[in-house]
Amino acid sequence: MTKTIRLALLASTLLGSAAWAQDVTLTIESWRNDDLAIWQEKIIPAFEAANPGIKINFAPSAPPEYNAVLNSKLDAGSAGDLITCRPFDASLELFKKGKLADLSDLAAMANFSDVAKSAWQTDDGKQTFCVPMASVIHGFIYNKTAFEELGLTPPKTEAEFFALLDKIKQDGTYIPMAMGTADQWEAATMGYQNIGPNYWKGEEGRKALIEGTSSLTDEPWVAPFRQLAKWKDYLGDGFEAQTYPDSQNLFTLGRAAIYPAGSWEIGVFGPQIGGAFEMGAFPPPVPAEGDKCYISDHTDIALGMNAATEHPEEARKFLEWVGSSEFATLYANALPGFFSLNAAPVEMQDPLAKEFVSWRESCEPTIRSTYQILSRGTPNLENETWTASANVITGAETPEAAAERLQQGLASWYAPQQK
Amino acid sequence: MAQRKAFRWHIAVFLAPAVLVYTAIMIVPLFGTLNLSLFNTGEGGRVFVGLRNFATLFGDPRWSASFWNALGNNAWFFLVHMLVQNPVGVALAALLSSPRLRGAAFYRTAIFIPTILSFVIVGFVWKLILSPIWGIAPGMLDAVGLKSLFAPWLGREGTALTTLALISVWQFVGIPMMLIYAALLSIPDEVIEAAEMDGVTGWSQFWKIKLPLILPSIGIISILTFVGNFNAFDLIYVTQGALAGPNFSTDILGTFLYRTFFGFQLQIGDPHMGATIATAMFGIILLGVGFYLFAIQRRLRRYQF
Numbered sequence: 016m017t018k019t020i021r022l023a024l025l026a027s028t029l030l031g032s033a034a035w036a037q038d039v040t041l042t043i044e045s046w047r048n049d050d051l052a053i054w055q056e057k058i059i060p061a062f063e064a065a066n067p068g069i070k071i072n073f074a075p076s077a078p079p080e081y082n083a084v085l086n087s088k089l090d091a092g093s094a095g096d097l098i099t100c101r102p103f104d105a106s107l108e109l110f111k112k113g114k115l116a117d118l119s120d121l122a123a124m125a126n127f128s129d130v131a132k133s134a135w136q137t138d139d140g141k142q143t144f145c146v147p148m149a150s151v152i153h154g155f156i157y158n159k160t161a162f163e164e165l166g167l168t169p170p171k172t173e174a175e176f177f178a179l180l181d182k183i184k185q186d187g188t189y190i191p192m193a194m195g196t197a198d199q200w201e202a203a204t205m206g207y208q209n210i211g212p213n214y215w216k217g218e219e220g221r222k223a224l225i226e227g228t229s230s231l232t233d234e235p236w237v238a239p240f241r242q243l244a245k246w247k248d249y250l251g252d253g254f255e256a257q258t259y260p261d262s263q264n265l266f267t268l269g270r271a272a273i274y275p276a277g278s279w280e281i282g283v284f285g286p287q288i289g290g291a292f293e294m295g296a297f298p299p300p301v302p303a304e305g306d307k308c309y310i311s312d313h314t315d316i317a318l319g320m321n322a323a324t325e326h327p328e329e330a331r332k333f334l335e336w337v338g339s340s341e342f343a344t345l346y347a348n349a350l351p352g353f354f355s356l357n358a359a360p361v362e363m364q365d366p367l368a369k370e371f372v373s374w375r376e377s378c379e380p381t382i383r384s385t386y387q388i389l390s391r392g393t394p395n396l397e398n399e400t401w402t403a404s405a406n407v408i409t410g411a412e413t414p415e416a417a418a419e420r421l422q423q424g425l426a427s428w429y430a431p432q433q434k
Numbered sequence: 005m006a007q008r009k010a011f012r013w014h015i016a017v018f019l020a021p022a023v024l025v026y027t028a029i030m031i032v033p034l035f036g037t038l039n040l041s042l043f044n045t046g047e048g049g050r051v052f053v054g055l056r057n058f059a060t061l062f063g064d065p066r067w068s069a070s071f072w073n074a075l076g077n078n079a080w081f082f083l084v085h086m087l088v089q090n091p092v093g094v095a096l097a098a099l100l101s102s103p104r105l106r107g108a109a110f111y112r113t114a115i116f117i118p119t120i121l122s123f124v125i126v127g128f129v130w131k132l133i134l135s136p137i138w139g140i141a142p143g144m145l146d147a148v149g150l151k152s153l154f155a156p157w158l159g160r161e162g163t164a165l166t167t168l169a170l171i172s173v174w175q176f177v178g179i180p181m182m183l184i185y186a187a188l189l190s191i192p193d194e195v196i197e198a199a200e201m202d203g204v205t206g207w208s209q210f211w212k213i214k215l216p217l218i219l220p221s222i223g224i225i226s227i228l229t230f231v232g233n234f235n236a237f238d239l240i241y242v243t244q245g246a247l248a249g250p251n252f253s254t255d256i257l258g259t260f261l262y263r264t265f266f267g268f269q270l271q272i273g274d275p276h277m278g279a280t281i282a283t284a285m286f287g288i289i290l291l292g293v294g295f296y297l298f299a300i301q302r303r304l305r306r307y308q309f
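Sequence order for the protein chains is A and B.
When we follow my numbering, the leftmost residue of the first sequence carries the number 16, and every step to the right adds one.
When we follow my numbering, the leftmost residue of the second sequence carries the number 5, and every step to the right adds one.
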């Protein structure tokens, strides 16, 4: 009796595994639930057509819950084969715990620059554990129709920028700039991190801060706060209670002339504006004529492999494809504003996205200053920067006091800054 | 006589479901949290640190500044409720119990309805009403010529917390109103009639006869308000986000605990410090409730009819 059961069990397992062997299904964990349709309709069919026998299942969860959901799935052993990687410490932590596989030997890694890979590498840069997918670029989106109406041209320098804002303000038809401080991160991400790299000279300043040779109270790190403090006069009425969606709507409804932006807005703004006016973009203005320009080209999203996957070969095959220029073209065009990190140039259709990406040629790219290493401790530099930037704009703190507070917070736990 | 009373099993049986469920979902996690606050991550995993987490919370200038700021805001939040919600609730109940009021059932329902709404809806709706860009508040003030009084209240450090407290009062004023209303209705007519015979009517009747009779209900409401306020989190989180802006001026213990325990944005969660804050909150609420039970509840006079 037991024998028959055993045989039956054995037979069923064999049959079961035989059925599986025909088609390998790889599941992708992701927080980009906005992109579900794009994956299902464009990206996955392209891969499956070229690679019969591998099926891909894109299974996203909600962005705010992603980190928590992913961690518990990985601990429980139920996570998918491919893991979408957050930049820096969140993924590094997973790699250190052995949850993400080392992908340094992937052939496709050669297609990416060191800056592109830095978000998914160990601190010494020796091991890379995710294939970079996309970055977002900061800059200013403006209402081209309004600019033409008022006879304005995009500014090159800080002085020109403020002269321009003054003109829009005097005219009174438009709110000069759409930004609020209610959500705080707008002030830090679209404000401080947007205009800052021009002052701290991009990677040079960011690295100096990590090494401890420069501090947040030095002029290059205080200057962006000084500029932010001046923004106050050009924001809409009641900007203190204006939220991120409020700012987006003010701009897309044509009530504001300039929007301090991240390139991810391109895909959102286009359909919302629906042709009511034309958009243009300019990079953050440099402090003085002839200065070299720097832009925040922030590495944001990558794909890694679950170390416990049952199909490592197929997963690696997919990752090689994600690192190819074919994927880069597909992804960048499906999601304008998420720029491929691939070293091979990608042909894009969207004119605004093209404008943003063209700055990579003329300006030096860098990543957000607070993301690598500096936000590992408590108080967290990134979160403190949110509050500080919002405070500087509302006038609750002077630029110098905000910088001083950030420096003290950083020095309280980060050894290289404790000298 | 010699026969001992049989053990009354039915008592244990009837208590068991409630005791078991309550223990499993409340008491065990509570002790788990208290226990968690005595540990921290050190070399090679979790280590016992005794009360060192509390020393950090109260001793480290950053932690203690955040903690006292949250506690101070929480106290103000509670004070606004005590000074506005409960007197208004009592006043509404007194009005509703007046026999001459027409449409009492309508008012009662209308005032109570916000209580059953979700925090998310209340927070979102008020945020829209008060929005300087799309809100109806600036327009309404403009209509009566008081536009100059409008300010982005939720965005200013000085006004944000009070505004939120008043939103919460708006939402929950129905609860004290209903409890007091029930207490007022339960006052026997004979007592009122006797008072009228003695010439105690109107306001003096309320102060001298009714108020002493509803004091125990007011006590219960105060303690419910206290516990509710010191556990509050949702409204602030929904309207101001986990960073409780502007500049932490609306940060209360609940949001401080959330940020610490679960982490926020790039900040990775710290369950040990989070549990420490939770324990401190537990202590504060325990002290408050204990004070009420021993110092106030026992002195309240109750009247039997």
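By construction, these hints were calculated from the structure, which means they are not laboratory data.
Check before you lean on any hint, since a few could be wrong.
Reference excerpt, derived from the structure (chain B facing chain A, CB under 7 angstroms, subset only) [claimed, not checked]:
no. : residue
1   : Leu153
2   : Pro156
3   : Arg160
4   : Thr163
5   : Gln269
Each computed EDC-like pair below joins lysine to aspartate or glutamate, with the alpha-carbon atoms no more than 20 angstroms apart [claimed, not checked]:
no. : chain 1 : residue 1 : chain 2 : residue 2
6   : A       : Lys112    : B       : Asp64
7   : A       : Lys132    : A       : Asp120
8   : A       : Lys111    : B       : Asp193
A few chain B residues that don't get close to chain A, going by computed Cβ distances all over 12 angstroms [claimed, not checked]:
no. : residue
9   : Ala114
10  : Val195
11  : Leu270
12  : Leu290
For each residue, glycine too, the CB sits at the ideal point set by N, CA and C.
Structure-based check of all given hints:
no. : hint                : result
1   : Leu153              : 13 angstroms, violated
2   : Pro156              : 3 angstroms, holds
3   : Arg160              : 6 angstroms, holds
4   : Thr163              : 10 angstroms, violated
5   : Gln269              : 6 angstroms, holds
6   : A/Lys112 - B/Asp64  : 30 angstroms, violated
7   : A/Lys132 - A/Asp120 : 13 angstroms, holds
8   : A/Lys111 - B/Asp193 : 75 angstroms, violated
9   : Ala114              : 28 angstroms, holds
10  : Val195              : 50 angstroms, holds
11  : Leu270              : 4 angstroms, violated
12  : Leu290              : 27 angstroms, holds
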